[in-house]
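Residue numbers (this note's numbering), protein chains in the order written: chain A, 23 to 272; chain B, 23 to 272; chain C, 23 to 272; chain D, 23 to 272; chain E, 23 to 272; chain F, 23 to 272; chain G, 23 to 272; chain H, 23 to 272.
Hints listed in this document are in silico derivations from the structure and should not be mistaken for laboratory results. Please note: incorrect hints may appear among the correct ones.
[To be verified] Each computed PhoX-like pair below joins lysine-lysine, with the alpha-carbon atoms no more than 25 Å apart: (1) Lys127(C) to Lys165(E); (2) Lys111(B) to Lys65(B); (3) Lys165(G) to Lys65(G); (4) Lys118(A) to Lys81(C); (5) Lys127(B) to Lys81(H).
[Stated by the list, open to error] Now the stretches of chain F that chain G is said to cover, found in silico as 3 or more residues with beta-carbon under 8 Å: (6) 62–68; (7) 90–98; (8) 203–216; (9) 257–266.
[Stated by the list, open to error] Some chain A residues close to chain B (C-beta under 7 Å, calculated; not the full set): (10) Ala92; (11) Asn94; (12) Ala202; (13) Ser205.
Glycine residues also receive a C-beta, built at the ideal position from the N, C-alpha and C atoms.
As a plain string of letters, each chain reads:
There are 8 protein chains.
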Amino acid sequence: MELENLLERVKNGTLDIKEASSEIEKSMYEDFGYAKLDYNRKKRSGFDEVIFCMGKEDKYLVEIVGNLIARNHRVLGTRASQYQFNLLKDRYPLLKYDKISKIIKYDELDSPLSGNIVVCCAGTSDIPVAEEAAQTAEFFNSKVDRVYDIGVSGIHRVFSNLDRINRANCIICVAGMEGALSSVLGGLVSVPIISVPTSIGYGANFGGLAALLTMINSCANGISVVNIDNGYGAGYIATQINRLAIDKER
Amino acid sequence: MELENLLERVKNGTLDIKEASSEIEKSMYEDFGYAKLDYNRKKRSGFDEVIFCMGKEDKYLVEIVGNLIARNHRVLGTRASQYQFNLLKDRYPLLKYDKISKIIKYDELDSPLSGNIVVCCAGTSDIPVAEEAAQTAEFFNSKVDRVYDIGVSGIHRVFSNLDRINRANCIICVAGMEGALSSVLGGLVSVPIISVPTSIGYGANFGGLAALLTMINSCANGISVVNIDNGYGAGYIATQINRLAIDKER
Amino acid sequence: MELENLLERVKNGTLDIKEASSEIEKSMYEDFGYAKLDYNRKKRSGFDEVIFCMGKEDKYLVEIVGNLIARNHRVLGTRASQYQFNLLKDRYPLLKYDKISKIIKYDELDSPLSGNIVVCCAGTSDIPVAEEAAQTAEFFNSKVDRVYDIGVSGIHRVFSNLDRINRANCIICVAGMEGALSSVLGGLVSVPIISVPTSIGYGANFGGLAALLTMINSCANGISVVNIDNGYGAGYIATQINRLAIDKER
Amino acid sequence: MELENLLERVKNGTLDIKEASSEIEKSMYEDFGYAKLDYNRKKRSGFDEVIFCMGKEDKYLVEIVGNLIARNHRVLGTRASQYQFNLLKDRYPLLKYDKISKIIKYDELDSPLSGNIVVCCAGTSDIPVAEEAAQTAEFFNSKVDRVYDIGVSGIHRVFSNLDRINRANCIICVAGMEGALSSVLGGLVSVPIISVPTSIGYGANFGGLAALLTMINSCANGISVVNIDNGYGAGYIATQINRLAIDKER
Amino acid sequence: MELENLLERVKNGTLDIKEASSEIEKSMYEDFGYAKLDYNRKKRSGFDEVIFCMGKEDKYLVEIVGNLIARNHRVLGTRASQYQFNLLKDRYPLLKYDKISKIIKYDELDSPLSGNIVVCCAGTSDIPVAEEAAQTAEFFNSKVDRVYDIGVSGIHRVFSNLDRINRANCIICVAGMEGALSSVLGGLVSVPIISVPTSIGYGANFGGLAALLTMINSCANGISVVNIDNGYGAGYIATQINRLAIDKER
Amino acid sequence: MELENLLERVKNGTLDIKEASSEIEKSMYEDFGYAKLDYNRKKRSGFDEVIFCMGKEDKYLVEIVGNLIARNHRVLGTRASQYQFNLLKDRYPLLKYDKISKIIKYDELDSPLSGNIVVCCAGTSDIPVAEEAAQTAEFFNSKVDRVYDIGVSGIHRVFSNLDRINRANCIICVAGMEGALSSVLGGLVSVPIISVPTSIGYGANFGGLAALLTMINSCANGISVVNIDNGYGAGYIATQINRLAIDKER
Amino acid sequence: MELENLLERVKNGTLDIKEASSEIEKSMYEDFGYAKLDYNRKKRSGFDEVIFCMGKEDKYLVEIVGNLIARNHRVLGTRASQYQFNLLKDRYPLLKYDKISKIIKYDELDSPLSGNIVVCCAGTSDIPVAEEAAQTAEFFNSKVDRVYDIGVSGIHRVFSNLDRINRANCIICVAGMEGALSSVLGGLVSVPIISVPTSIGYGANFGGLAALLTMINSCANGISVVNIDNGYGAGYIATQINRLAIDKER
Amino acid sequence: MELENLLERVKNGTLDIKEASSEIEKSMYEDFGYAKLDYNRKKRSGFDEVIFCMGKEDKYLVEIVGNLIARNHRVLGTRASQYQFNLLKDRYPLLKYDKISKIIKYDELDSPLSGNIVVCCAGTSDIPVAEEAAQTAEFFNSKVDRVYDIGVSGIHRVFSNLDRINRANCIICVAGMEGALSSVLGGLVSVPIISVPTSIGYGANFGGLAALLTMINSCANGISVVNIDNGYGAGYIATQINRLAIDKER
């Protein structure tokens with residue numbers, strides 16, 4: 023750890039205490055007043071910083087993306103509107119945008135995808151969230167297998183895809199309405215299922231709360247839950263698990 | 023209809039108007055002050071009156087049961103405690119009590135059971151509610167087939183019982199926790215499913231609300247829902263449907 | 023059952039195991055990646071597949087409708103916007119649209135309507151949901167009788183229509199605000215009532231939750247509930263019951 | 023108003039300013055540290071102070087009741103347990119207790135009851151709350167007519183009592199479960215209905231919330247609502263209205 | 023009562039039974055299919071029918087208003103948008119519209135206003151609801167005194183208007199945010215307070231729920247509550263009470 | 023107190039009783055019918071009146087601002103839209119507007135800022151609420167130190183700013199999503215933390231309710247909470263505390 | 023700060039790096055496995071650690087109290103049952119217990135109380151929470167003035183105690199039911215009000231949620247809120263503010 | 023897969039079709055009527071079946087445990103009361119019981135524990151849930167490191183244990199009240215965190231809902247959530263992840 027290194031230099035007198043203190047801080051984030059960019063994150067967590075675009079002021083968004091690009095960081099922006107993409111595209115023409123998942127990407131390096139994450143979703147309307155999960159996992163170099171529209175009202179669609187599903191290191195299960203797909207999968211597989219309730223539905227679904235409660239209360243094992251529509255979060259966790267599975271020497 | 027008959031007699035002068043008015047009321051219920059027993063119900067709905075015992079004052083419960091027995095009505099009491107049964111047993115020794123379903127019965131006539139209602143439940147803990155449903159349906163002369171402990175976390179248990187389930191005129195699906203069984207059944211059968219959420223579970227199940235929301239939001243067709251733990255209501259509705267199916271000449 | 027047939031052919035060697043497996047899957051659904059069309063549904067449930075249009079991506083909606091038409095399936099689309107209808111109309115000019123119920127239909131065959139479902143609603147504002155229920159039931163060949171605007175604040179309107187209501191095999195009760203109509207009907211009829219809470223109202227109706235709770239907690243018997251504004255679901259269930267009543271030989 | 027009187031005396035010098043200030047306060051309440059008994063209430067509101075017994079410390083309850091008796095005030099205590107009554111009975115043997123309504127009374131003066139308040143309730147289990155309302159109104163000298171067990175599942179019981187109900191100056195409607203009785207009455211009468219939801223029911227009644235929402239969202243006119251199980255509050259308001267109706271010269 | 027009259031005619035043979043039945047129904051409402059206009063309401067309740075305009079289909083709204091005008095009924099429409107008013111204005115030029123309260127009126131007869139209702143509101147933003155209440159009461163011939171912007175954060179504004187408030191037969195209290203004004207008034211007056219929570223506020227006011235709960239749980243007496251923003255309902259009830267107070271001979 | 027002064031003048035006959043009464047009222051507020059401007063507030067609370075602009079009718083807003091300016095009061099308007107600012111700007115060209123905080127100000131006097139309030143926020147998206155808090159405090163003459171974007175997911179940003187934070191008399195902590203920043207700060211400082219949950223987030227944040235509950239349930243000490251997005255309220259309270267800290271002679 | 027001191031010693035070689043690390047940790051807390059006692063808290067926050075007794079295992083509670091006593095720390099235990107007190111009393115006979123507030127205290131030093139905190143409560147039933155607040159503040163050496171039973175239903179009780187209330191550096195306002203007292207006080211004073219909703223009430227108070235929402239949404243200024251029944255938290259914050267007011271040299 | 027094997031035998035005629043069907047079912051579960059024991063689970067999921075004891079009928083519990091023991095299965099029972107343990111102990115004396123975690127175990131094989139799961143909890147009161155998690159993981163052969171009482175109000179306790187925490191393959195974070203510990207850990211580690219909200223707390227924690235919402239809405243990455251108090255579920259998932267990390271050849 024660098025901190026120990028620093029203390030050593032303090033001890034042997036090659037580093038002044040005040041300088042040491044300042045040095046530590048600079049290596050960890052850059053302060054723009056309205057934002058403190060966390061350059062230390064990758065070291066701490068093994069993941070690049072990601073930008074949640076929804077609701078960001080134009081000015082802030084442009085500057086944050088610009089700073090990452092200027093430092094040769096890769097860029098992943100989630101929940102970006104078409105308007106926001108256009109705004110950024112003018113300045114950084116290499117940015118790409120996927121309308122379904124609302125993801126902005128920059129400088130996707132050609133490191134090979136590895137491992138195996140299966141992203142399932144219950145209905146066609148859940149695909150935007152499923153894609154946010156899948157593309158996030160791919161951004162972080164996970165290989166992804168998509169198994170879409172296998173909701174429990176036609177449960178044979180689950181069974182005829184079970185072999186593919188069972189090859190995963192981690193399963194992401196995206197479902198709206200009553201979200202029962204998680205429980206069914208939970209009874210059929212041996213790896214963790216990250217469940218993502220979606221806001222798809224109407225009436226007493228309360229914007230996804232019904233699906234969230236279904237998943238949280240599941241009688242099946244191996245199911246943990248992230249926020250409603252939080253495809254990004256599921257893609258992140260699935261990657262953490264996928265890395266553990268493929269990377270023995272940690 | 024009797025009312026027309028009455029009007030006829032008013033018209034041809036064989037019945038005084040005031041008397042007619044009083045006559046109508048008497049034929050419909052008896053007034054005890056604290057309760058108005060609805061003797062007309064069977065004619066209106068085809069079902070005997072049933073007593074919801076939970077929380078009834080001792081004095082009221084004893085009198086109501088006594089009045090039904092005195093008039094040779096059959097008796098079905100739901101949500102009865104052991105204490106309430108003992109209280110009634112002293113006065114009416116022919117009453118029977120089932121501890122699991124908490125049902126009190128009296129004078130069960132030997133009319134044959136007919137039709138076919140399947141009562142499913144997801145887990146062993148859901149059996150008390152399932153039995154309330156099953157025994158209610160039987161009290162109303164429906165034949166009942168019980169398929170218990172087929173929750174979706176071991177979904178092969180559903181499939182190996184599917185033939186039995188598919189022979190029903192109506193299915194009652196009792197499930198707590200996340201209540202996903204309804205959705206799975208909904209995709210596999212062609213008859214109506216009356217879903218009963220139960221309060222079984224803990225934490226974010228909110229006393230059965232989670233299961234209720236799952237069932238109300240089901241992506242599968244043919245599912246309607248009654249109140250949490252309301253086995254009685256489901257047994258009643260299933261009987262209505264069962265009668266329609268077996269009784270052509272209505 | 024076809025599966026047994028298949029096993030027979032496997033046994034007598036006329037079918038290869040791998041082929042058998044593939045055969046089963048093909049007969050059950052077609053996989054478009056973003057959707058898996060469930061051609062087996064009609065056999066399983068007796069009902070054609072129906073499209074929930076709300077929120078579907080343009081591209082997906084057009085392809086799904088197109089595939090059904092190409093295979094000579096009848097089409098029922100619910101919750102379709104005027105925009106979606108126009109989109110489809112351009113390609114499939116025989117489609118029809120009802121603005122009140124927001125239903126799209128195609129190729130309505132002239133099979134006769136039969137049985138009797140009564141659709142009641144409490145107020146004029148509940149008619150869109152009532153019509154979704156009524157037209158769904160008609161699409162599935164049920165005869166429907168509409169009794170609208172009979173809310174309990176003018177309860178004589180219920181009584182003067184009671185004879186029509188009592189002729190039903192199944193009643194659909196559509197009501198918003200406090201949804202009390204279900205309980206009143208429940209005390210007056212002998213057949214099942216499928217209750218549909220609507221989101222009509224304001225303030226503490228919480229988008230239909232108040233009406234849903236009223237119906238779920240009804241002191242009257244024979245009432246089961248579907249999701250807020252779910253006219254389609256009610257029409258489906260009522261048809262299941264209506265078919266049981268008219269079709270002795272199942 | 024006394025305050026003007028006081029200012030007059032200050033002006034003509036017959037009252038010292040400091041004394042005036044102290045005088046005003048004393049006439050309004052007595053301070054016991056843990057409680058400030060509001061002797062001015064009757065003058066302000068026309069009603070004696072009433073004690074909400076539930077959860078009061080023994081010591082406080084005994085002292086408060088004792089002080090009212092010592093000053094020859096009449097006493098009405100609501101939500102009193104048998105234990106609390108026994109505690110008080112030892113010291114003040116003239117106190118009376120009604121087990122159903124859980125009301126404690128003392129020194130009920132023989133002023134004649136007048137006017138007409140009708141207290142309705144939907145089921146036998148709602149009687150405790152109905153009696154709290156009725157006896158509160160009687161304590162405040164209102165004449166009360168009780169019409170119990172007229173829930174909407176047997177709606178003929180409402181109609182055959184409609185004449186009695188229509189003679190009221192004000193109606194109190196007490197109902198649990200789904201609380202639909204209020205809406206039915208609201209469509210049939212011309213005087214205000216004070217609706218009291220009760221906690222009677224189970225499952226998705228949420229301790230009376232379902233009935234409260236039904237009543238607050240009623241499509242009928244003339245309905246206002248008090249807290250769940252608040253019979254006392256309804257008896258109080260009904261008396262206010264009853265007094266307005268019988269007392270022309272205010 | 024007319025019904026007795028009818029029975030007399032049936033008895034003495036001057037009226038055929040079938041005709042009698044039909045006669046009764048016609049006198050009570052007119053059936054337009056989508057709506058059943060309740061002409062009997064005024065006789066039953068003493069109030070004209072009122073139209074809740076929000077969300078009514080154009081066609082229905084125009085016809086309903088037209089039918090009332092054609093029968094020389096007075097018209098009160100609440101929650102009408104500017105668009106709806108324009109739509110109606112074209113056909114019925116005598117209609118008037120108040121933008122603040124969103125009320126449409128027609129043919130306001132010059133019967134004198136009588137009695138005294140005080141309408142209070144807590145803040146300037148609550149005025150639209152207060153005006154809906156006030157103008158409803160005036161439409162039903164109640165005299166109204168408006169006391170606006172007296173919220174408890176500047177409580178001297180309550181006290182300096184207390185004399186006016188205390189002259190009321192009934193008080194309407196309109197308040198959003200935390201709705202504390204009701205409790206303060208409740209401790210200061212002797213007549214009933216109809217409380218109207220408003221949706222004014224933000225954050226944890228949950229669209230008026232916070233104010234509703236405050237009012238329902240008030241420690242003060244004499245407070246009953248109507249739905250959030252339901253000025254109309256409060257104006258109606260206040261008029262019922264006002265009439266009782268001014269009209270001895272009922 | 024002026025009231026004593028007034029009573030003196032009443033006593034010695036230099037003031038008529040009726041005049042005295044009128045005098046008192048005038049000194050306290052001015053009545054515009056739709057609003058009662060509270061000129062006494064500054065004396066009572068030490069703070070100028072502030073205008074909550076959101077949802078105010080144009081006419082009312084213009085008049086209220088105009089009256090304050092006419093009386094040489096300073097003006098602070100919160101939650102003002104660009105439209106509202108333009109409306110006011112035309113009449114009162116000296117008004118200033120901050121787009122981020124949506125604050126309108128007028129005639130900011132050059133009294134020096136004093137004390138020390140630290141305003142923290144968790145993310146860039148919380149800045150609008152943080153600025154409402156900061157600028158409110160500055161309007162009331164508090165010195166403010168802004169420490170933004172120090173959310174707990176990069177907790178080193180908290181620690182490297184801890185010295186600045188610990189110099190505060192009062193800390194305002196603004197956070198959305200799960201609002202955990204308050205608890206972390208609460209364990210590290212010795213002065214009160216006014217916590218402001220924001221509506222930033224999505225899904226199960228329920229418009230800020232999740233953050234509010236986090237803060238209300240904090241295991242750390244010294245944390246009290248204001249309404250969701252209520253930056254103004256936090257700035258006000260922080261100023262009250264700051265004044266206590268800097269002003270010994272109260 | 024000690025940390026700098028430590029780094030100095032590391033630099034000049036008088037402290038080994040590993041030892042330094044261990045030293046820092048020991049000075050901050052002691053680890054018992056099941057608990058980590060935070061001896062550094064007083065230095066960080068200026069307050070002793072306080073024990074929340076409710077639900078603590080017997081064994082843990084006894085050991086934690088014992089360790090504090092062994093180190094000559096003062097002890098404050100909140101939410102302690104009579105059973106827990108008896109358990110501790112056997113071992114540590116100097117402990118004292120207050121039944122109303124459920125507070126356990128040990129070794130209360132005779133440092134003088136200073137400053138001025140006013141604790142108000144609305145009703146007699148709120149006193150337990152008010153006492154928890156008052157005694158917590160006194161434990162931390164604040165002078166407390168108790169003003170109890172001044173709920174808004176008898177608002178003159180507020181006014182006649184206003185002078186006492188206005189002398190406070192900070193006000194704690196404890197109220198259940200609808201909790202309106204906070205808003206009334208907020209309009210009358212110039213210092214911060216820490217509001218404590220209590221669970222006192224019934225029905226739609228939802229265990230204190232109604233009062234919490236009232237306080238959070240208050241239209242008055244200067245009000246911040248702590249958890250339901252959290253008297254301890256309010257006493258802590260009020261002490262923080264009281265110290266700022268009396269202690270100029272921080 | 024065995025199914026293929028079976029089909030082979032069907033094909034080559036060594037197995038009759040009816041027998042094959044029956045064979046499949048028997049190998050999958052045993053049907054006791056009230057329960058269907060899932061002997062296939064271990065093969066499907068890699069985990070033994072676990073018994074959720076809470077609320078199980080005595081008779082059912084005894085039989086289920088007995089059957090597992092009779093088949094030489096290991097037994098893990100969660101949420102067992104002392105009463106249930108005594109009941110079982112009489113029959114199966116080798117069973118062991120842990121009072122803190124309420125876990126019953128039988129025949130714990132001496133297979134070595136491997137991998138590394140860190141179980142953290144925020145406070146001493148969270149230990150029962152933390153132990154349920156830890157002992158579940160150990161039952162499934164995971165090595166567990168316990169880091170307890172590191173709640174964020176004394177955040178240095180997190181930092182001084184960070185090295186241990188960072189050595190985990192998976193972290194379980196157990197926290198009640200506001201549950202902020204998850205977010206803090208989430209910003210500091212690189213492996214998945216399974217968050218368990220507990221019901222510890224009071225007032226507006228709503229039985230653990232507040233903590234659940236905090237965790238679901240966390241601004242930190244890598245956090246997924248299970249049901250309130252669901253230590254078992256977390257131990258299960260953590261073991262799934264731990265196995266992936268240590269077991270390369272899957």
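TODO: Would you pick out the hints that fail for this structure and give their numbers low to high?
DONE: 1, 2, 7, 10 and 11
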